[in-house]
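Engineer: Here is what each chain is made of, one letter per residue.
2 protein chains.
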Amino acid sequence: MGKRLGKQTLKLENRPKIVATYSIVGPKEGEGPLKDYFHEILEDDMDGQKTYEKAESNISRASIKKAINAANLREDQIEFLCGGDLLNQLTATNFAVRDLQIPFIGLYGACSTMALSLGMASILVDGGYAKYAVAEASSHFSSAERQFRAPLEMGTQRMPTAQWTVTGSGAMVLGNKKGDYPIVTHVTIGKVKDYGEKDVSNMGAAMAPAAMDTIRTHFEDTGFKPEDYDIIATGDLGKLGKEITEQLLLEVGYDIRKVYTDCGIEIFDLEGQCVDCGGSGCGCSAVVSCGYLYRKLVRKEAKRILLVSTGALMSTTSSQQGESIPGIAHAVTIECGGDTNE
Amino acid sequence: MGKRLGKQTLKLENRPKIVATYSIVGPKEGEGPLKDYFHEILEDDMDGQKTYEKAESNISRASIKKAINAANLREDQIEFLCGGDLLNQLTATNFAVRDLQIPFIGLYGACSTMALSLGMASILVDGGYAKYAVAEASSHFSSAERQFRAPLEMGTQRMPTAQWTVTGSGAMVLGNKKGDYPIVTHVTIGKVKDYGEKDVSNMGAAMAPAAMDTIRTHFEDTGFKPEDYDIIATGDLGKLGKEITEQLLLEVGYDIRKVYTDCGIEIFDLEGQCVDCGGSGCGCSAVVSCGYLYRKLVRKEAKRILLVSTGALMSTTSSQQGESIPGIAHAVTIECGGDTNE
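In the order they appear, the protein sequences are chains A and B.
One rule links them: number in my numbering = place in the first sequence (from 1) + 4.
One rule links them: number in my numbering = place in the second sequence (from 1) + 4.
One chain only, chain A, in its complex shape (with noise of 0.2 Å):
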């Protein structure tokens, strides 16, 4: 049974566990600092196939069903499967699930995709409605220029507030698996919150008062201080969008800078890749969270983690309708399992 605490955060009091990871990149992110901790990298961003989507797609699919062997489950022992993408009607996944025998909750939270299916399957597995779930989230670089900015052939110049869509998908399997696995303990689902900024290449500073919020909020509904933390990672704010979050939350009070740190930030070499303000997308955090921050955890390298997965909810139709860009980040705190955890 959930027990609510505060205003929007639930404490998971079976404490489910995260007993597999699978994280996918293009070359690009195998080429950035996080290369080591990730469990595959593709050679070729096209994976095979013909269509940028398609090839989202497809890693998709994989990293799902690597994540459930990696389990050493089947597919059929998948309860459900949460997840979801930034392509128009969630194409990625939908196509990449259509092949797989699992019931399936799609999820739109823009970039906060995974914190969100992270938290919706945690809660089916501590509420006993799953005894495995998969949460997962992808993007794909080359389909989000298509959809969201410009055709790659055009050659725009990009701004220099802009961040680079990860091409890459994570898949986490949740279940009440015996042994030492990192457990979930709290959910925070955030809301919408929107201060006004129009800038699309300027996405971090549009998703910074909704990282706050909702970091806020979970300090206050949980009791927990900044320093109860070993990591705090937001993904994807970026370089600006980082500055903006620590900044906003110092005034309410809360230091973070010393566990801080922003999925879009870790996974590139900001000066060496170009990618001006660090990586994006779902994947981003996917991938951060599959890859580096799981074998943390795993390693006992890092005790307690709060992933904040933020979101910018603009479409290309509301941004020329000349609205601003809602933004909402959900937060799930993760604990190394057995015996470092008090």
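Any given hint could turn out to be false.
Partial list, computed: chain A residues near chain B (C-beta under 7 Å) [as the list claims (entries may be wrong)]:
| no. | residue |
| --- | --- |
| 1 | Q12 |
| 2 | T55 |
| 3 | N92 |
| 4 | Q93 |
| 5 | L94 |
| 6 | V101 |
| 7 | R102 |
| 8 | P107 |
| 9 | G110 |
| 10 | Y112 |
| 11 | I193 |
| 12 | L317 |
| 13 | S319 |
| 14 | T321 |
| 15 | S322 |
In short, the hints are calculated from the structure, not lab data.
Note that CB positions come from ideal geometry on N, CA and C, so glycine has one too.
Take the given structure of chain A and dock chain B to it, following the hints.
Structural biologist: Coordinates of chain B only, in the frame set by chain A:
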């Protein structure tokens, strides 16, 4: 604690209640056979806004707020909002909820969204994760035509197999309030099914296999037979999709014809209102369930209803790339509360 039945169904043992609903429809829907069941009929489907998308957002927000009002609750008592729409990046819903202070779980299931939202909100209440949660879905004829088909200004001729996207939004408040309210007892989450249909003007045919699969699985999982239901309402297969679903179910041994209807057929006068095969869009099963079906249960004119919202999961990009149309269907059992509830 949720009890899992068979492969895909959850039995909600705490019997969450639908304590209030609200349905808003456009003028055309307000001239149809169900006009007396809706809570509000718009005089102008632009609802005072400058664009179709903003109108849809407005209707979506209004239905949520008015459902909360109808439940005699305040916005801050609602712990989760589960909802979605057909627009790219859930534009209608995201912009609707930006003005609401409710934690938001964005769902995309194309026209299956109402059953998915209702299912998820019911699970959250059943598991003790929320005292009150709202389920919502919306669509708008003109925003859908612009996005999926052709600009209205072109006056494109419709195919006889086409369906008419409903302008409307429906919202339900789930909770454990004392009193004689309809109860959600079972949730069957569907799988994505694709039988190769590629005609975007024949979505009923594309969705029928998913409807069949979910209804059959629901019967197998629960032990219910067609005669255990007073109404089985798919939404929105339309005339052709309904016939195919009946036939497919007959082939696997289930004759649901005596209790079977389709939200897309109920909402319009198919002959008189020039809607070809009937209504469609997330808003269709949303307003039919929040208006017509809910009142049938409240008035004890039906004891047990199965709502099976059905979604066609294509995007314009996937269709341009020659892909077929995957479908999904989710089913929720609603019983009338109180004395007649055996």
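Engineer: It remains to establish, for every hint, whether it holds in the given structure.
Structural biologist: The hints, checked one at a time:
no.: 1; hint: Q12; verdict: 5 Å, holds
no.: 2; hint: T55; verdict: 5 Å, holds
no.: 3; hint: N92; verdict: 4 Å, holds
no.: 4; hint: Q93; verdict: 4 Å, holds
no.: 5; hint: L94; verdict: 5 Å, holds
no.: 6; hint: V101; verdict: 5 Å, holds
no.: 7; hint: R102; verdict: 4 Å, holds
no.: 8; hint: P107; verdict: 4 Å, holds
no.: 9; hint: G110; verdict: 4 Å, holds
no.: 10; hint: Y112; verdict: 4 Å, holds
no.: 11; hint: I193; verdict: 4 Å, holds
no.: 12; hint: L317; verdict: 4 Å, holds
no.: 13; hint: S319; verdict: 4 Å, holds
no.: 14; hint: T321; verdict: 6 Å, holds
no.: 15; hint: S322; verdict: 5 Å, holds
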